[in-house]
Amino acid sequence: MSHHIVEVIDLEYSYPDGTPALGGVSFTVTHGESVALVGSNGAGKSTLLLHLAGCLVPQSGEVRIGHLPLTKKTIPQVRRNIGMVFQDPDDQLFMPLVYDDVAFAPLNLGFPPEEVEQRVVNALNTVGATHLRNRPPYRLSGGEKRRVAIATVLSMSPSVLFMDEPTSNLDPRARRELIGLLKRFEHTRIIATHDLDMALDVCTRTIILKNGSVIADGPTVDILGNEKLLHTGGLEKPLRLQGCPVCNNN
Amino acid sequence: MSTISSSLFDVNHLDALSNQTTCIHRLDPRVKLLATVVFIVSIMSLDRYQISALMPFAIYPIFLIALGNLPFKYLLRKVLLAAPFAFLIGIWNPFLDSNVSFHIGPVGISGGWLSFASIMIRFALTVFTVLALIATTGFNAVCMALERLGVPRGFVVQLLFLYRYIFVLTEEAGRMARARSLRSFDGKGMGIRVFGSMIGNLLLRTLDRAQRIHIAMLSRGFDGEIRLAYPLKVNRRDILFLSGWTALFILLRLFNLPYLLGDMFSGLAK
Amino acid sequence: MHMADALISPAVGGAMLAATAGMVLHGAKKLKEDMDDRVVPLMGVLGAFIFAAQMINFTIPATGSSGHIGGGMILAVLLGSNAAFLVMASVLTIQTLFFADGGLLALGCNIINLAFFSCFMAYPLIYKKIAGKDPNRNRILIGSIAASIASLQMGAFGVVLETWLSGVSEIPFTSFLLLMQPIHLAIGIVEGLVTAAVVTFVWKARPEILELTGSSASIRSTSMKKVLVGFAVFAAVIGGTLSWFASANPDGLEWSIYRAAGKEELKAPETRLHALFAKIQEKAAFLPGYSFKGNDSVKSDGKEVRVESGKDEAWGSVNAGTSLSGLIGGATTLLLAFFIGWFLRKLQNRS
Numbered sequence: 000m001s002h003h004i005v006e007v008i009d010l011e012y013s014y015p016d017g018t019p020a021l022g023g024v025s026f027t028v029t030h031g032e033s034v035a036l037v038g039s040n041g042a043g044k045s046t047l048l049l050h051l052a053g054c055l056v057p058q059s060g061e062v063r064i065g066h067l068p069l070t071k072k073t074i075p076q077v078r079r080n081i082g083m084v085f086q087d088p089d090d091q092l093f094m095p096l097v098y099d100d101v102a103f104a105p106l107n108l109g110f111p112p113e114e115v116e117q118r119v120v121n122a123l124n125t126v127g128a129t130h131l132r133n134r135p136p137y138r139l140s141g142g143e144k145r146r147v148a149i150a151t152v153l154s155m156s157p158s159v160l161f162m163d164e165p166t167s168n169l170d171p172r173a174r175r176e177l178i179g180l181l182k183r184f185e186h187t188r189i190i191a192t193h194d195l196d197m198a199l200d201v202c203t204r205t206i207i208l209k210n211g212s213v214i215a216d217g218p219t220v221d222i223l224g225n226e227k228l229l230h231t232g233g234l235e236k237p238l239r240l241q242g243c244p245v246c247n248n249n
Numbered sequence: 000m001s002t003i004s005s006s007l008f009d010v011n012h013l014d015a016l017s018n019q020t021t022c023i024h025r026l027d028p029r030v031k032l033l034a035t036v037v038f039i040v041s042i043m044s045l046d047r048y049q050i051s052a053l054m055p056f057a058i059y060p061i062f063l064i065a066l067g068n069l070p071f072k073y074l075l076r077k078v079l080l081a082a083p084f085a086f087l088i089g090i091w092n093p094f095l096d097s098n099v100s101f102h103i104g105p106v107g108i109s110g111g112w113l114s115f116a117s118i119m120i121r122f123a124l125t126v127f128t129v130l131a132l133i134a135t136t137g138f139n140a141v142c143m144a145l146e147r148l149g150v151p152r153g154f155v156v157q158l159l160f161l162y163r164y165i166f167v168l169t170e171e172a173g174r175m176a177r178a179r180s181l182r183s184f185d186g187k188g189m190g191i192r193v194f195g196s197m198i199g200n201l202l203l204r205t206l207d208r209a210q211r212i213h214i215a216m217l218s219r220g221f222d223g224e225i226r227l228a229y230p231l232k233v234n235r236r237d238i239l240f241l242s243g244w245t246a247l248f249i250l251l252r253l254f255n256l257p258y259l260l261g262d263m264f265s266g267l268a269k
Numbered sequence: 000m001h002m003a004d005a006l007i008s009p010a011v012g013g014a015m016l017a018a019t020a021g022m023v024l025h026g027a028k029k030l031k032e033d034m035d036d037r038v039v040p041l042m043g044v045l046g047a048f049i050f051a052a053q054m055i056n057f058t059i060p061a062t063g064s065s066g067h068i069g070g071g072m073i074l075a076v077l078l079g080s081n082a083a084f085l086v087m088a089s090v091l092t093i094q095t096l097f098f099a100d101g102g103l104l105a106l107g108c109n110i111i112n113l114a115f116f117s118c119f120m121a122y123p124l125i126y127k128k129i130a131g132k133d134p135n136r137n138r139i140l141i142g143s144i145a146a147s148i149a150s151l152q153m154g155a156f157g158v159v160l161e162t163w164l165s166g167v168s169e170i171p172f173t174s175f176l177l178l179m180q181p182i183h184l185a186i187g188i189v190e191g192l193v194t195a196a197v198v199t200f201v202w203k204a205r206p207e208i209l210e211l212t213g214s215s216a217s218i219r220s221t222s223m224k225k226v227l228v229g230f231a232v233f234a235a236v237i238g239g240t241l242s243w244f245a246s247a248n249p250d251g252l253e254w255s256i257y258r259a260a261g262k263e264e265l266k267a268p269e270t271r272l273h274a275l276f277a278k279i280q281e282k283a284a285f286l287p288g289y290s291f292k293g294n295d296s297v298k299s300d301g302k303e304v305r306v307e308s309g310k311d312e313a314w315g316s317v318n319a320g321t322s323l324s325g326l327i328g329g330a331t332t333l334l335l336a337f338f339i340g341w342f343l344r345k346l347q348n349r350s
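Chains as they are written, first to last, in numbering that gives the first Met the number 0: chain A, 0 to 249; chain B, 0 to 269; chain C, 0 to 350.
Misleading hints may appear alongside valid ones.
Only some residues are given here: those of chain C computed to face chain B with a beta carbon under 10 Å [unchecked claim]:
#, residue
1, A5
2, I7
3, Q152
4, M153
5, L176
6, L177
Source of the hints: derived by calculation from the structure; they are not laboratory data. Yeah, the Cβ is synthetic: ideal placement off N, Cα and C, and Gly gets one too.
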């Protein structure tokens, strides 16, 4: 097994109308790493994630997940190893009951019934949503939806997790609980987000994208503390690293 | 706008009712569905002037409502809301069929009034029963029953998907309608042109959503086949329920119980 | 214009249900063969879209009242006949179950009236001919209006035909037709305008979506075949039902004279028709020895009596005593039923 679990080499992509979205992105993520992917709106985060999830095939350059280069042929194999959590849980939870949704991938992977059951139980247990098992998705709160959406990919035991804005639209407590959950994970994970405070908590490493290129890649603490760099990327320091508005302390 | 929230409330409320665990809710969805079909066919096959023979059939919806712990007043309101079409079609009967069929005291009752009353009673019975079916079974279980009874998987999956996204899209539509009405004054801005682009926008968002869902499905190994794992098991109670009610419906269809009863009463009175 | 269970006879409801079941089976099979798995979520979400869209109102021009879309035509333009039909069928199923719009046995009628005509007739035969290839604003407008009017006219005719064949309502066929068709002409025009507005919007914003269904040759050829098959099934069922009548009514001329002469005479053939229906239903569905037959006191409102004794004496044979016992008995049973319900609820609450 390779130490490098996600490799992106000179990835380029333009939309059908010719607008460039990614211009030569390269980075490598090693096993067990937790990476934040940040950048202003339109920087190319979503397009990059769609490539990593095998929903888009590289036009030029290469994406490797595990050992496999991502091509049209390898997409089904690649997808077995990745868990993609989308921004809107309503897109991810399409089955009648929470159970069905969590069982969706294992059933598609052709596991026997006992194994499917076991995987569902484990996945729901990991995200602390065992009690939601027989609820329809539209009867869940925003925080519960996120947890279940994460469980739906955990049940296929992916070797790497990709998440798009996992903390958006959550109330403070649900957000805090989710951050706690994400911190406990031992999966390799890449999280695209605007929530830099969350990145500070969850991710050891941060990549900043700007106009489809990587402008910074390094330890989260260093990058998120560098005001000038963040400003170039259209970002701001995490609130916790900013001065207090009441006591004007820096 | 109020209709959006109220329809959503209705679906929600019936859905919530179906999450109870009474003895009716625990029955296999197939036997409830089949019993309901036999019930409706028995009622519909009765003569169009028939009123008395319809009465005993009320026991079935009443049974479901009582044991299923359903709110009668709420269901009644829903039945009344759905009534206008049947009423509009039926109300012509009294004018078109004025043959007096019998007298109560000095008042002659025409065949048209009889058949009109019959239509409305049938309407109430069938609608109550269908609502009671969904409120004691739940939509997903009805879909499972349909699949087991031979409805193609593709159509069942369609029903399930549709139901799942009713909640999401209705809320979206509700937000748009609210945003429009807050900026429409004196009925301006409610016309077809605005409506067209509004619905068009909603449509495009819906298509995008379908695409996102498809991606979400693909990344979890979707290969064109939806696998549903619902164990459905018929036990003795289910068989008893179905055979008991079916037998009763056929019996009530063949013998006009109220007549026999009424004869007995009037015989006693004399 | 959702048909209710209360307005149709089991034979009509059953025949229509069988016809739609065939079409749904065929449609689901065809869809699986096409193997485009994008359609699965697309159809589901578009079904929900129709639902949501029906809840948004608009002001109908020149009247001030408000209306909403039916949606069959928009779906057909986006998805093609087959998938659109399945989506509309699923929408109608949910309306039946949750909003009591229609009924379980009337579902077949409603799917024919509101989905079949728009998706399999008006869309491929009218809209597609006018605006299928390289659409522009005018073609979309004309095609939408023409197709919507046609589908609503056919749907309204379906309602009239099914009501008349069922014989629960007394409304004479022609009067009902004259009532329904003009109303639905107006509705059709409005529906067409709205459909055109939505389709034009989509066409301007994302033309490739319309091209998806409009230009693909394979889709067109299969959908035409589907139309023919669907129509053949429909025709067979209707034909079968009608031939039933024909055999029961040997003198077609007499029938039409009666009809032209007015409602008094009209009743005779109608009654005969329905008596036949009733007989067939009883023979097919229930025990043949219908015990009320020879019993004068009970058969008062049975159809057999009306046929045997002729049209005008039909109700002469009713005797007030028996009707009264019917009423008393009916009221008693209803009370009894409510009492049982009350008792069961008490029991339920205790446990």
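Here's how the hints hold up against the structure:
no.: 1; hint: A5; result: holds (4 Å)
no.: 2; hint: I7; result: holds (7 Å)
no.: 3; hint: Q152; result: violated (18 Å)
no.: 4; hint: M153; result: violated (18 Å)
no.: 5; hint: L176; result: violated (13 Å)
no.: 6; hint: L177; result: violated (13 Å)
This entry does not satisfy hints 3, 4, 5, 6, going by the numbered hints stated previously.
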